[in-house]
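Student: In the order they appear, the protein sequences are chains U and G. When you read off a place in the first sequence, starting at 1, and then add 849, the result is the number in our numbering. When you read off a place in the second sequence, starting at 1, and then add 364, the result is the number in our numbering.
Derived by calculation from the structure, the hints in this document are not laboratory data.
Below, a sample of chain G positions facing chain U; criterion: calculated Cβ distance under 7 Å:
| # | residue |
| --- | --- |
| 1 | 494 |
| 2 | 522 |
| 3 | 612 |
Far from chain G, by Cβ distances over 12 Å, these chain U residues were calculated:
| # | residue |
| --- | --- |
| 4 | 851 |
| 5 | 873 |
| 6 | 897 |
| 7 | 898 |
| 8 | 899 |
| 9 | 902 |
| 10 | 933 |
| 11 | 939 |
| 12 | 1018 |
| 13 | 1021 |
| 14 | 1027 |
| 15 | 1028 |
| 16 | 1069 |
Below, computed lysine-lysine pairings styled on DSSO-like, alpha-carbon distance capped at 27 Å:
| # | chain 1 | residue 1 | chain 2 | residue 2 |
| --- | --- | --- | --- | --- |
| 17 | G | 559 | G | 396 |
| 18 | G | 559 | G | 366 |
| 19 | G | 396 | G | 566 |
| 20 | G | 366 | G | 566 |
| 21 | U | 1039 | U | 866 |
| 22 | G | 366 | G | 553 |
| 23 | G | 611 | U | 866 |
| 24 | G | 611 | U | 1171 |
| 25 | U | 1148 | G | 611 |
| 26 | G | 396 | G | 553 |
| 27 | U | 1148 | G | 396 |
| 28 | U | 1039 | G | 366 |
Think of the CB as a built atom: it goes at the ideal place given N, C-alpha and C, for glycine as much as any other residue.
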Amino acid sequence: MATVVAFIEVRDQEIRKSSHEAVTAARLIADGTGAELLALVIGPPGISRHAVDLGFLGADRIAVAESADFDLCNAEAWTSLVVGVVRGNPTKAVVFPGSAMGRDLAPRVAARLGVGYASECLDFEVVDGALVVRRPRYSGKVIAREAFSTDPAILSLSSNAFPPRERLAEGTLEFIPVLMDELDGGAVVKEVRSTPGQQLDLGEALIVVAGGRGLREPENFRLIEELAEALGGAVGASRAVVDAGWRPHHEQVGQTGKTVSPDLYFAVGISGAIQHLAGMRTARTIVAINRDPDAPIFKVADYGIVGDFSEVLPPLIEAVRKLRS
Amino acid sequence: MKSVVFIKRVPDTDSRIRIAPGGTEIETAGLKYVMNPYDESALEAALQIRSLEGEGTVTVVSAGIPESVDVLRNALARGADDAVLLTMDTGSEGLPLAEVVAAELRDRDFDIAFFGVQSIDDNQGAVGPMVAELLELPAATSVVSFRAASGSVEAIRAIEGGVEVVQLRMPCILTITKGGYEPRLPSLKGIMAAKTRPLEEKPVTPGPAQLRTLSLELLPERTAGRIVGEGVGAVPELIRLLHEDVKVI
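With these hints in hand, go ahead and build the complete structure from the sequences.
Tutor: Encoded structure:
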């Protein structure tokens, strides 16, 4: 039976949400091709306890490679493990989460296997047995339909494109032996440092509150942070304020920053340049707050308030807090 | 330190993209092209390490149609020592592109090969890690900053919610993201000096693409919604809409 492999990312002894999305996406391909779904979990000893839950998300088989050395990512060893699973099973596709790790490993696996790779996939169809993906190009200005001419297809996903779906079925658990010589790589991860206040990743967040030059001064981003916190969302920024050094690059939304598709996107003091719109126009609901009633952002926003952030944000933050308490 | 930087010519971020008749390619007429912004950061990283060490070379390589020579000249004007253009009839992406780049790098003596973390046209972020695989070299992707000393590199890579610190043996491959290396612009002196620096063109023939574009579509235009109101007075209605109608908060 053909296999679709979902790569599962583990951090701090937990399976990340983006990997749940990988299972959902892999399930769609498996159903479309009559394949079984194998979830590959690589992590520290004991991770199999969490891995069994992947059955309820759609995994038929859950293959676990545990090692005390797998607390931190080892890209070369993990590439070898994925390639080993692909060679041991007649594989139709390998699905990676749209995370930094997924986007690092997927092209390595494609190169090792000599096959094609598509990133940031939004959805799939099977046409005459070939896998066809839809993916953004030009940072979301264009959506391309692309057909794989090689097997297996290697994919990574757009964040938030495949919300997890639960089912009432368990997967079977199996263990993959880890050979120590696979660990001897030329690149070794020494540590992971969490950035305070950045627990929620901009690309993965379901609510994003973004600010731009209209905030006038970097200190005023405090209001953006407060609204994001009240909503349980992440902070975003326009290119103008990142270039001006007000905000770090990892908060930038747009063509040279992140492309985001949250359920709710607040654009505060952001005029709406083409390159910014490319990065957020697939958000489900867009709210714009801007002093200029002619700002292009209002042309894409579902709801707009014409007004100055300094007047509108404080009562808005207050109202959200009240609603949430 | 001998550095190689791979750079790509892409449509400017301010470009409005249109789809050409046939529906599988973009309309290139009237587009303005620039050096891929992430590659600018990669080039800057290489130039900074050369000035830091006071020695070494920075070679820039591009692969594409003959017009790609423009971004190489631009890179020479910013301070690169020499340039190589792998000339091809049409653009190439993904693994076939990585193969021609790897073939060029295989015979070169270098310590670090730099790439932008991704191009802003294809968005794959694939060529750097693919070249690393093909050459069996250690690699770190999405690097914000790094230090090099005695044969090894310590790179800081951006990951969700923080950074990862990676130790790499040289020679190695780094793909650079924006944030740590603010690109310099070409100076007038640089533009003059660039004219005398070596720029070699080598025709290459990449292998067939493994993905075929069936169609390109523009995202449907979002229809403008409504202005809820002006100033503070509009806040209660906005909250009601988001809570009761859209049910997103």
